[in-house]
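Residue numbers (my numbering), protein chains in the order written: chain A, 1055 to 1208; chain B, 1430 to 1799; chain C, 19 to 306.
Careful: at least some of the hints might be erroneous.
Stated by the list, open to error - Listed next, the in silico DSS-like pairs over lysine-lysine satisfying Cα-Cα at most 30 Å (straight line):
1) C/K296 to A/K1206
2) A/K1206 to C/K46
3) B/K1524 to C/K41
4) B/K1525 to C/K41
5) C/K46 to B/K1524
6) B/K1525 to C/K46
7) B/K1578 to B/K1637
Said to hold, decoys possible - Take a look, some chain B residues computed to stay more than 10 Å from chain C by CB distance:
8) I1433
9) G1479
10) R1576
11) R1641
12) E1646
13) A1659
14) N1661
15) A1747
16) D1763
Stated by the list, open to error - Okay, the calculated beta carbon distance ranges per label pair:
17) C/E305 to A/V1188: 48 to 54 Å
18) C/A108 to A/P1144: 52 to 58 Å
19) A/Q1207 to C/A93: 25 to 31 Å
If you are wondering where the hints come from, they were derived from the structure by calculation, not from laboratory data.
A quick note: this is a predicted structure, and the numbers were derived from the prediction, not measured.
Backbone N, C-alpha and C fix where the C-beta goes; we use that ideal spot for every residue, glycine too.
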Amino acid sequence: MAVEYASMLSKHAFFKGLRSEVVDLVAGCAQEIEFSAGQYICHEDDQADQFYVLVHGHVALQIASPGRGARTFLTIGAGEVFGVNWLVAPYRWTYDAKALDDTKAVVLNAVCLRRKCEADHDLGFELMKRVMPVLIERLHVCRIQLLDLYLKQN
Amino acid sequence: MTVINVLALDDLQILLENLQEDGYALIAPQLQDGVIIYDQVEGLEALPRGVNDIQTPGGYQTHKTKEPSLFHYVVGPHSWKKFLHLPKLQLWQAKKFSDEICIASSEPASFKAAFIGVRAGEVKAIALQDKVLINSGVVDEAYKIRRDKAFILAVDCARAGGSCFCVSMQSGPSVEGNYDLALTEILTPNHIFLVRSNSEVGEKILKKTPHRPATAEEIRIGQEIVARTAANMGRAMPDTNIANLLSQNLQHPHWDAIASRCLSCANCTMVCPTCFCTTVEDVSDLKMEEFSRERRWDSCFNLDFSYLHGGAARSSVAARYRQWMTHKLSSWVDQFGSSGCVGCGRCITWCPVGIDLTQETQAIYDDQLG
Amino acid sequence: MSITAIHKHNVIDMHDMQQLVPKLARVKSCFSDGPDVSTIEVEMADGAPVDYAPGQFNMLTVFGVGEAAISISGAPDGSRLIHTIRDVGAVSQALMRLKPGDQLGLRGPFGVGWPVRAAQSKDVLIVAGGLGLAPLRSVLYHILAHRVQFGVVTLLYGARRPADILYQSEIANWRESCEINVVMTVDHADVEWPGRVGVVTQLIDQAEFQSQNTLAMICGPEVMMRFVASALVDREIDAENIFLSMERNMKCAIGHCGHCQFGPNFLCRDGPVLSYKKLRPLLKVKEL
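Just chain A, same shape as in the assembly (with noise of 0.2 Å):
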């Protein structure tokens, strides 16, 4: 199984380029998981032991807010990631993810992931080379919807 993983991962953008004795440690940590459309994946104040790499289909991250409903403010699709939430204390999901279509996935599970990173500190380089942009990235996409650039200035 784990070499079929291995496989699944060194195929994801988000693993590209990452040398393949890394990629086997990585993937003797996962699982593949399958979502159907309007699945919940986790949920908000949830510990976070989980780290997804998306394959297929489309997930949309939301904050539920009264009398205003789940608000998405991210979606994430096949080629990204999320859950990065599991490398930093305290592991705990701060938005609800849900499927928006059949999604198919590869989740890590962080408690093994961080053991690994914590007796091999190249590994945890490496992932942590490979989370950071993903952070600034969607540090970056906040800002620019904060901003809110499409509303009429005047």
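Fit chains B and C to the given chain A structure using the hints.
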């Protein structure tokens, strides 16, 4: 080789009369409220005699001398653009007839004027406005109709003003380019005017006017006067590629230093003989049946000038000063093939806080070197 | 000519200052295109056709109010004059209040539009943000009318909210036709929105095009265009092949009034569409 003739003082009066006879209104320098301005005159006697001026950054003062000179002051706040590129101009009118609106262009008023005492830098300034308003695509008919009829009686500067830097802008003090007649005023041993013709119209007017060929000595005196003016410029633009210098320093901190003094009053743009920016305003009667659009001079120092929905693109004074100075000295070159500055120094003299664009350019230049 | 000399239906000679005098036009139809946006179709009062290139703009006058530059939003048959207007100022508000049959003044078309000829035989990437889709609609119609001349055509469109998406029925048609790829995203979703949430730059990674043979056209708020253009350079599209439609205060539209200067460019005459190669150094300068 230009033929140089001589007009006596009385001949100059006859020359003006000949211009009037040919249908020209005479526009000439006058002393008004202690300031040299340009306005319509009926003859030579209206011109200021024995008037000199002292110009400093933010300072202007005229004073009488014992000389009989007609042109020993330099330029005042007016320039000839107020007669060519009108400060206010109606562009069109429209009227509602029952439910149908008719639009008619407002015919530019014809105006045949002779400009008396146009300085070298001003001849060049007119050429620069010609380039913008006639020779760069769409023709501004209102400008062209006046420009085509204008007679330019230019005069070499016999004195350099305190704010002048035309030598470093290659636009003076000797008149060159598009003029009809050019004078050099000589006071001693006799009060005479050397005159050279540069157009058929100029030649025709000169022919009708008593004149005689200049002697070699008179020509030498004339050259000496112009050379002395050139040697006494109040200031100079740094001798470098100004256009590149400024376009490469758009983010220089010195713009903020200038802005700390600049009042964004727009004086510099109003007195500048080449600034051409305009805005429009629509007006209507209360019944909303008659409409018109008026164009008037505008300034890049006005906040509204760069207004976009949401706010001004150039809200800081630094950005507005930079726009003015870089347009004049840098992007004008990209747009029209030459600098937009003729070195007349009006923007320095009439700046209420005495900002001097030659010094500001020098400051950026020095920092670049340092 | 004095106003008293004008008679009804008189044909007026406008050779003088012709470019500065509006011609009479009428509103043919108008409809709402979102909460504060209207699209109006205009025709010349004398019935004369107006030839325009995709990306050009007209100066529209509401008599007694003023004049504003409005881009031409194009139409399937390439000759109708359609303008999408947002009520951002006195003139645009007055334009939005016009009803079919109302008269207005029109000068134009003006400016340099999208490089449709240079785009031929290339993949075309069109990136629109907010109302920026309006001036790009004419190029989309042009491409659809000459579809075989172009490679893969993609429209990436970011809007503020689902309700602010322009031309919803046209977009649905374009999607259905499969002639162009359409990907949309919104900054702020409501609970009903089934599509993507995020900013338009995020759509670039997944877009299909051959970098070395792609021409990109971008229109939207300047901040959005800056980030989109730099993301396209990151995906190895040459800055020379990236075009932005710039906006500044356009007054005369003939390069005489000085208002729309952006560096050495008179955007009304040299633009509004200019290459990123030209614009990039200028876009870095604040308050230029």
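Here's how the hints hold up against the structure:
1. C/K296 to A/K1206: Given pair C/K296, A/K1206 holds - Cα atoms ~28 Å apart, limit 30 Å.
2. A/K1206 to C/K46: Roughly 26 Å between the alpha carbons, so the hint for A/K1206 and C/K46 holds.
3. B/K1524 to C/K41: holds (13 Å)
4. B/K1525 to C/K41: holds (14 Å)
5. C/K46 to B/K1524: Holds - the C-alpha atoms of B/K1524 and C/K46 are around 21 Å apart, at most 30 Å.
6. B/K1525 to C/K46: Given that 30 Å is the threshold and the Cα spacing comes to 19 Å, the pair holds.
7. B/K1578 to B/K1637: Judged against 30 Å, a Cα distance of about 19 Å means the pair holds.
8. I1433: holds (39 Å)
9. G1479: Holds, since 40 Å exceeds 10 Å.
10. R1576: holds (14 Å)
11. R1641: Consistent with the label, B/R1641 stays out of reach of chain C, its closest Cβ about 44 Å off (over 10 Å).
12. E1646: holds (48 Å)
13. A1659: Nearest chain C Cβ is 31 Å from B/A1659, so the label holds.
14. N1661: At roughly 34 Å from the nearest Cβ of chain C, B/N1661 sits farther out than 10 Å, so the non-interface label holds.
15. A1747: The claim breaks: B/A1747 does not keep its Cβ more than 10 Å from every Cβ of chain C (closest is about 8 Å).
16. D1763: Given that some Cβ of chain C is not farther than 10 Å from that of B/D1763, nearest at about 3 Å, it is violated.
17. C/E305 to A/V1188: 48 to 54 Å: violated (33 Å)
18. C/A108 to A/P1144: 52 to 58 Å: Roughly 54 Å apart at Cβ, these two residues keep to the hinted range, so it holds.
19. A/Q1207 to C/A93: 25 to 31 Å: holds (28 Å)
Going through the hint list in order, the structure does not satisfy hints 15, 16, 17.
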